[in-house]
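Residue numbers (this note's numbering), protein chains in the order written: chain A, 1 to 86; chain B, 1001 to 1297.
The set of hints was computed from the structure by calculation and includes no laboratory data.
Given the structure is predicted, the values throughout are model-derived calculations rather than measurements.
Where is the CB? At the ideal position from N, CA and C, for every residue including glycine.
One should not assume that every hint holds.
[Unchecked claim] To spell it out: a stretch of chain A is covered by chain B in this simulated footprint if at least three of its residues, at any positions, have a beta carbon under 8 Å from a beta carbon of chain B; those stretches are:
#	stretch
1	9-19
2	46-54
3	68-79
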Amino acid sequence: MALGLGCSARPGSSRANRTGSWRTFRPVFVHDKCSRCGLCIQVCPEGCISEGEGGLPVPDYDYCKGCGLCAEECPSEAIEMKKEEK
Amino acid sequence: MTGDSCSLFEVGHRACGGCAAALAARTILNAAGKDTIIVSATGCMEVFSTPYPETAWKVPWIHSLFENNAAVASGISAALKKQGRKEKVIALGGDGATFDIGMLCLSGAFERGHDFVYICYDNEAYMNTGIQRSGATPYDASTTTSPAGKCSMGNRRPKKDLPAILAAHGAPYVATASIAYLPDLKKKVQKALETEGPCYVQVHAPCCTGWGFEGEKTIAIAKLAIETGLFVSYEMENGTVTRVKKVVRRPVEEYLREQRRFRHLFRPVRNDAEIAKIQAIADKNAEKFGIDIKIKK
Ligand SMILES: Cc1ncc(C[n+]2csc(CCOP(=O)(O)OP(=O)(O)O)c2C)c(N)n1
Ligand code: SF4
Ligand code: SF4
Ligand code: SF4
Ligand SMILES: [Mg+2]
Chain A
1 MALGLGCSAR PGSSRANRTG SWRTFRPVFV HDKCSRCGLC IQVCPEGCIS EGEGGLPVPD
61 YDYCKGCGLC AEECPSEAIE MKKEEK
Chain B
1001 MTGDSCSLFE VGHRACGGCA AALAARTILN AAGKDTIIVS ATGCMEVFST PYPETAWKVP
1061 WIHSLFENNA AVASGISAAL KKQGRKEKVI ALGGDGATFD IGMLCLSGAF ERGHDFVYIC
1121 YDNEAYMNTG IQRSGATPYD ASTTTSPAGK CSMGNRRPKK DLPAILAAHG APYVATASIA
1181 YLPDLKKKVQ KALETEGPCY VQVHAPCCTG WGFEGEKTIA IAKLAIETGL FVSYEMENGT
1241 VTRVKKVVRR PVEEYLREQR RFRHLFRPVR NDAEIAKIQA IADKNAEKFG IDIKIKK
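For reference, chain A alone in the conformation it holds in the complex (with noise of 0.2 Å):
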């Protein structure tokens, strides 16, 4: 392989990388809760949860690594962490 003065990358390419993979407990948003503030959607690290049909948050858990923030955070509780079953 050749290689110049640099090596570069197409952005965005991490895509490729489902780290959904690494998640041993999934995250289970009950929209009865849910105020549609907005919070878990801003605090998740890996920017994988995005605004649904009428304000409501959807996780993608193909990327979602269950670290938990969002549910720590959610001022209604409208986030339960359910022990994955593989």
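With chain A fixed as given, assemble chain B with the ligands onto it according to the hints.
The following block gives chain B with the ligands in isolation, referenced to the frame of chain A:
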């Protein structure tokens, strides 16, 4: 809904679950926007976001060495200026990269007055190589190069006051921030980018792996650092402190006891003398910056 999920920092990066540095990277890019060029020193953030041939960055990003992070950023900034271009330049580094290894070039770039922003994500040790102490490690923290044991209570030195050092270079804007207050962090990054000249932002970014706590607690721990007065969030404009986050202060113990790196202060026996020394650091911070909210009785 704030709809803050940032698409400029892609999913699939390899940071530990609950990593504050990853949250900082997302927030910084969100604040800076797409017309930004990032220079990054070695360290966790660089390693977890760019394992070749993958990268999480969707803006131009260059890996400098450790010691020349600020020099690479100043070169890019000077070249953009010459071409009349308007892109913003941000140099990112961990505390080891910033406080210690890159200090020479950082000082040079600030003294020459280049138009760029240097952001240090401060996790208070060299995490990517296995938790060695840095100039940013706080008093009494146990790291692999300042291990607590029979003969030592951990790191013997106080945290270096880098914001003051950079303000003394004549930096027009110097700020500290915390991942516990993301809108504030975002505002400070934007203010630094809008201010002409070399600006510095230091973001307190707790590391669950290196400090010893569960990843879900990252924001709670960061908040406690602010609420105990052990990390002060403030802005300095042309060398004068212009804004400070005030708090109803909590005892430092509430912060210390949540972290493995301070466990030796409580076990096997409680060390009141050392805890009092850390409380004194917080008291001194509180007095210096006037952070205490006085509750009327
Ligand atoms: C000149 C040089 N010295 C040492 C290293 C090894 N090294 C790689 S990452 C790292 C830790 C960096 O610490 P910090 O800047 O605090 O970032 P963190 O990993 O904590 O996020 C070290 C020492 C290196 N890559 N280059
Ligand atoms: S933090 Fe909780 S209440 Fe707010 S949007 Fe997320 S799930 Fe809903
Ligand atoms: S558990 Fe962690 S990674 Fe998963 S959605 Fe919540 S904050 Fe994001
Ligand atoms: S070791 Fe700390 S800073 Fe590094 S990726 Fe893990 S949590 Fe983040
Ligand atoms: Mg560090």
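Okay, the hints, checked on the actual structure:
no., hint, result
1, 9-19, "holds (count 11)"
2, 46-54, "holds (count 6)"
3, 68-79, "holds (count 5)"
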